[in-house]
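**Q** Here is what each chain is made of, one letter per residue.
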Amino acid sequence: MKTKVKLEDLNVHFDKNHAVKGTTIDFGENSVTAIIGPSGCGKSTVLRSINRMHDLVPTAKVTGRILLDGINIYERTIDSVSIRRLVGMVFQKPNPFPAMSVYDNVIAGYKLNGRINKDEADELVESSLKRVALWDEVKDRLKANSMELSGGQQQRLCIARTIAVKPEVILMDEPASALDPLSTLKIEELIEGLKEKYTIVIVTHNMQQAARISDYTAFFYLGELIEFGETKKIFTTPDKKQTEDYITGRFG
Amino acid sequence: MEREHFSKLYDEELNDIREKLLEMGGKVELMISNSMKALVERNSELADRTIASDPGINQMEMEIDEKCIQVLARRQPAGRDLRFLTLALKIVTDLERIGDQCVNIANRAKELNEEPILKPYIDLPRMANWTSVMVKEALDAFVRGDEKLAMKVCKDDQFVDDLNVQIQRELLTFMMEDPGTITRSLRLNYISKYLERIADHATNVAEMVIFMVKGKDIRHTIPSTSDEK
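Chain order of the listed sequences is H and U.
One point on numbering: in our numbering, the residue at position 135 of the first sequence is 138, and numbering is uninterrupted.
One point on numbering: in our numbering, the residue at position 198 of the second sequence is 288, and numbering is uninterrupted.
What the hints contain is simulated information worked out from the structure, not anything from laboratory work.
Everything numeric in this text was worked out from a predicted model, so none of it was measured.
Worth double-checking, as some hints may not be accurate.
Partner residues are not named here, just some residues of chain U that face chain H (Cβ under 10 Å, in silico) [what the hints assert, rightly or not]: (1) F96; (2) S97; (3) Q166.
In silico EDC-like pairs for lysine to aspartate or glutamate, Cα to Cα no more than 20 Å straight-line [unchecked claim]: (4) U:K209 with U:D155; (5) H:K244 with U:E237; (6) H:K244 with U:E119; (7) H:K244 with U:D101.
Simulated restraints, written as ranges between beta carbons of each label pair [what the hints assert, rightly or not]: (8) U:E260 with H:F254: 57 to 65 Å; (9) H:K64 with U:R164: 41 to 49 Å; (10) H:G73 with U:R234: 47 to 55 Å; (11) U:I308 with H:E78: 33 to 41 Å; (12) U:E113 with H:S42: 40 to 48 Å; (13) U:E113 with H:F254: 40 to 48 Å; (14) U:E113 with H:H21: 48 to 56 Å; (15) U:T311 with H:E192: 49 to 57 Å; (16) U:K98 with H:H208: 16 to 24 Å; (17) H:G73 with U:N105: 46 to 54 Å; (18) U:L276 with H:F254: 53 to 61 Å; (19) H:Q245 with U:Q166: 13 to 21 Å; (20) H:T6 with U:T311: 48 to 56 Å; (21) H:D218 with U:R164: 25 to 33 Å.
Every residue, glycine too, gets a C-beta built ideally from N, C-alpha and C.
With the hints as extra help, turn the sequences into a complete structure.
**A** Given below as structure tokens:
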């Protein structure tokens with residue numbers, strides 16, 4: 004496994020709350036890593052630190068290093084916007100830009116990063132929507148308002164918007180928890196396809212989802228990484244009793 | 091001390107399966123001892139009763155299978171619960187086969203009881219006793235999650251294999267000396283083989299217990315001198 008993102012002794016504090024404690028972990032290139040754990044265990048905090056979202060929180064303090072292809076993204080000289088272009092994020096609730104059409108949503112992120120001519124934009128919209136398996140459903144209403152789409156379609160649109168800026172890593176924070184079972188399966192299938200091109204880290208409360216779609220699983224509890232390993236091992240024969248108790252529904 | 095699930099009903103479902111498996115195990119142990127008694131005491135009526143108890147075992151196999159499948163479908167178990175359920179699904183198959191082997195023994199006993207006794211039965215009851223203990227210990231190991239006991243069962247299988255070879259050798263001498271003993275010798279030979287198969291099933295269960303407890307698959311790793319597995 005080639006490491007794409009490496010967390011080295013990562014600590015995150017919010018004032019006095021030590022939310023993530025000395026975590027070291029390697030996220031492999033072109034793989035899906037699921038972060039699981041009970042509420043408040045620090046999993047979303049870990050995820051957000053990978054594209055420097057805590058920069059926006061005045062009380063947050065991040066120490067340690069996060070290496071993207073060996074480069075520390077917390078170096079002073081590195082601009083957080085450039086990191087967020089390489090490390091995209093998909094949130095729990097679909098959040099397309101409400102005043103924009105489907106088409107404009109897809110290229111919104113790309114436009115922020117530079118100019119684009121019409122032909123390039125058309126091609127980018129089509130390829131991005133095809134990659135998220137949404138093209139056939141929306142190709143006749145690209146100019147319609149994005150809010151007209153169903154929840155599942157909106158979420159795929161958000162993923163299309165994320166990949167349109169050509170990131171290398173995609174972070175997903177409970178991307179399917181607000182969706183119905185069928186839309187959830189579509190998102191899961193999509194994730195399986197996306198890993199060919201991207202490195203994916205996903206936070207999920209749904210353990211079966213983690214078991215289904217991830218190659219590696221990290222189990223967090225009270226801000227600490229308890230166990231990290233291949234998903235097939237974590238869900239059948241984990242090494243730590245705490246992990247076993249959590250995945251079998253004995254605590255959490 | 092094992093933690094309970096958040097869902098008490100889930101715990102109850104797993105316990106129900108565990109108890110049903112033990113009940114089934116107790117019944118096949120009885121079949122082993124009764125089928126052997128039918129031979130040693132020349133009691134064909136007991137052989138018939140042993141044969142008649144087999145459909146009950148088959149029924150239990152189906153019931154336990156169904157319960158396991160229900161839990162798998164409804165709870166999506168993971169970790170040791172998953173290992174327990176997949177193990178239970180396999181154990182029932184082994185127990186059911188043991189029942190079938192006991193029916194075979196009872197049938198051969200009935201045939202042998204129709205003819206004069208070939209020789210005093212010493213090694214076969216010994217082998218049956220040993221085999222029955224293996225089945226019991228394999229199930230005890232399963233209930234207690236006792237990998238050491240399970241390992242003992244795996245090792246004991248060698249003794250039963252050796253006895254089987256010894257009995258076959260002895261029966262061969264009878265057949266060579268007097269061709270008139272061939273039918274009876276072959277029937278006894280079959281019984282020895284059935285018992286050896288029962289011990290193999292007990293070993294299968296024990297190996298799976300080790301997997302359940304340790305998450306380590308040791309199947310096909312313990313060398314055996316038996317060439318007829």
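**Q** It remains to establish, for every hint, whether it holds in the given structure.
**A** Tested hints:
1. F96: 6 Å, holds
2. S97: The hint holds - S97 of chain U has a Cβ within 10 Å of chain H, the shortest such distance being about 7 Å.
3. Q166: The hint holds - Q166 of chain U has a Cβ within 10 Å of chain H, the shortest such distance being about 5 Å.
4. U:K209 with U:D155: 42 Å, violated
5. H:K244 with U:E237: 17 Å, holds
6. H:K244 with U:E119: Distance ~35 Å between K244 of chain H and E119 of chain U Cα, so the pair is violated.
7. H:K244 with U:D101: 18 Å, holds
8. U:E260 with H:F254: 57 to 65 Å: Taking Cβ atoms as reference, E260 of chain U and F254 of chain H lie about 59 Å apart, which means the hint holds.
9. H:K64 with U:R164: 41 to 49 Å: 45 Å, holds
10. H:G73 with U:R234: 47 to 55 Å: At 51 Å between Cβs, range holds.
11. U:I308 with H:E78: 33 to 41 Å: 50 Å, violated
12. U:E113 with H:S42: 40 to 48 Å: 41 Å, holds
13. U:E113 with H:F254: 40 to 48 Å: Hint violated: Cβ distance 31 Å, outside 40 to 48 Å.
14. U:E113 with H:H21: 48 to 56 Å: 52 Å, holds
15. U:T311 with H:E192: 49 to 57 Å: 38 Å, violated
16. U:K98 with H:H208: 16 to 24 Å: 22 Å, holds
17. H:G73 with U:N105: 46 to 54 Å: 52 Å, holds
18. U:L276 with H:F254: 53 to 61 Å: Holds, at about 59 Å.
19. H:Q245 with U:Q166: 13 to 21 Å: 20 Å, holds
20. H:T6 with U:T311: 48 to 56 Å: 34 Å, violated
21. H:D218 with U:R164: 25 to 33 Å: Holds - the Cβ-Cβ distance for D218 of chain H and R164 of chain U, about 27 Å, lies within 25 to 33 Å.
Hint compliance for this structure: hints 4, 6, 11, 13, 15 and 20 are broken, all remaining hints hold.
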